[in-house]
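Student: Here the structure of chain A is known, so what remains is to put chain B in place on it, guided by the hints.
Number of protein chains: 2
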Amino acid sequence: MRLASFTDYGMRILMRLASDPEKRFSTAELASQFRVSQHHLTKIVQDLSRGGFVTTQRGAGGGINLARNADDISLGEIVRHLERRFALVECCKEDGGACVMKSRCRLKPRLLAAQEIFLKELDRSTVADCAWSGEPAAA
Amino acid sequence: MRLASFTDYGMRILMRLASDPEKRFSTAELASQFRVSQHHLTKIVQDLSRGGFVTTQRGAGGGINLARNADDISLGEIVRHLERRFALVECCKEDGGACVMKSRCRLKPRLLAAQEIFLKELDRSTVADCAWSGEPAAA
Numbered sequence: 005m006r007l008a009s010f011t012d013y014g015m016r017i018l019m020r021l022a023s024d025p026e027k028r029f030s031t032a033e034l035a036s037q038f039r040v041s042q043h044h045l046t047k048i049v050q051d052l053s054r055g056g057f058v059t060t061q062r063g064a065g066g067g068i069n070l071a072r073n074a075d076d077i078s079l080g081e082i083v084r085h086l087e088r089r090f091a092l093v094e095c096c097k098e099d100g101g102a103c104v105m106k107s108r109c110r111l112k113p114r115l116l117a118a119q120e121i122f123l124k125e126l127d128r129s130t131v132a133d134c135a136w137s138g139e140p141a142a143a
Numbered sequence: 005m006r007l008a009s010f011t012d013y014g015m016r017i018l019m020r021l022a023s024d025p026e027k028r029f030s031t032a033e034l035a036s037q038f039r040v041s042q043h044h045l046t047k048i049v050q051d052l053s054r055g056g057f058v059t060t061q062r063g064a065g066g067g068i069n070l071a072r073n074a075d076d077i078s079l080g081e082i083v084r085h086l087e088r089r090f091a092l093v094e095c096c097k098e099d100g101g102a103c104v105m106k107s108r109c110r111l112k113p114r115l116l117a118a119q120e121i122f123l124k125e126l127d128r129s130t131v132a133d134c135a136w137s138g139e140p141a142a143a
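Protein chains in written order, with the working numbering: chain A, 5 to 143; chain B, 5 to 143.
Bound conformation, chain A alone (with noise of 0.2 Å):
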């Protein structure tokens, strides 16, 4: 079972946000900080705009940082936003998919309530419980 990078990237941001709320960040700087492509987490920030987790704004002084507090942004919410576009198998995809069984499929309710179960299970902690200062781990 996988979350695609770009969910795990975008978590990181929002941890590392978390932990200094008042400062705004460049991409640059979170993409030097966590050693990982700028142009990508660019697009991670502009999708976490788009659900409203943070606020972005252009030229000097400017910056990213959290639209709302820590302690009010679930993980369970942030999984939800930035994994929508993906299906967790086949007949879960907008088209429905390929599956032949179709509705005939006892499995598919099964999977969606464990699915559902997961991300109500992430919807018990918060960015705030996991919010990193930028501090590398102890060698």
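To be clear, the hints were calculated from the coordinates, so they are not data collected in a lab.
Take the hints with a grain of salt, since some may be wrong.
Any copy, or any two copies together, can satisfy a pair, since identical chains are not distinguished.
Said to hold, decoys possible - Calculated cross-link-like contacts (lysine-lysine; reagent style BS3-like; alpha-carbon spacing at most 25 Å):
#	residue 1	residue 2
1	Lys112	Lys47
2	Lys27	Lys97
3	Lys112	Lys97
4	Lys112	Lys124
5	Lys124	Lys27
Tutor: Chain B only, in chain A's frame:
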């Protein structure tokens, strides 16, 4: 959040076998019924055999069938086996991945806990609950 198509097809195979536990299926038959690649199914059948879910027998009168009672194979067990080489996020990779947070990360235990709850929910259902006779869905 996604399961691999490998896992998706693996579950379909077991659901079909569960409906006819005495019958020996050929991969050609399964591929035809599911309208998927026989080559791909062959690899999945090998992995299901490796996991003790099916037995395979070569030659005339040979084929694939369930190795155990369908009501003794939980969905959680199947997913754990077929998904075992996939990591939920970067740091869950076997080599520890490239995320810089490492031991300072407070997200990882929360993600792993949610994943475990997902799998435990799937442990509550068996392949017998999802057996599919091969009958197509109503038009």
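Student: Now tell me, hint by hint, if it's right for this structure.
Tutor: Now for the hints, and whether the structure bears them out:
1. When the C-alpha separation of Lys112 and Lys47 is checked against a cutoff of 25 Å, the pair qualifies only between copies, where the shortest distance is 23 Å, while the shortest distance within a copy is 32 Å.
2. In the homo-oligomer, the alpha carbons of Lys27 and Lys97 never lie at most 25 Å apart, since the shortest distance is 39 Å inside one protomer and 32 Å across protomers.
3. Taking the shortest alpha-carbon separations for Lys112 and Lys97, only the intra-copy value of 12 Å comes in at or below 25 Å, while the best inter-copy value is 28 Å.
4. For the homomeric pair Lys112 and Lys124, the shortest alpha-carbon distances inside one copy (18 Å) and between copies (16 Å) are both at most 25 Å.
5. Taking the shortest alpha-carbon separations for Lys124 and Lys27, neither the intra-copy value of 30 Å nor the inter-copy value of 41 Å comes in at or below 25 Å.
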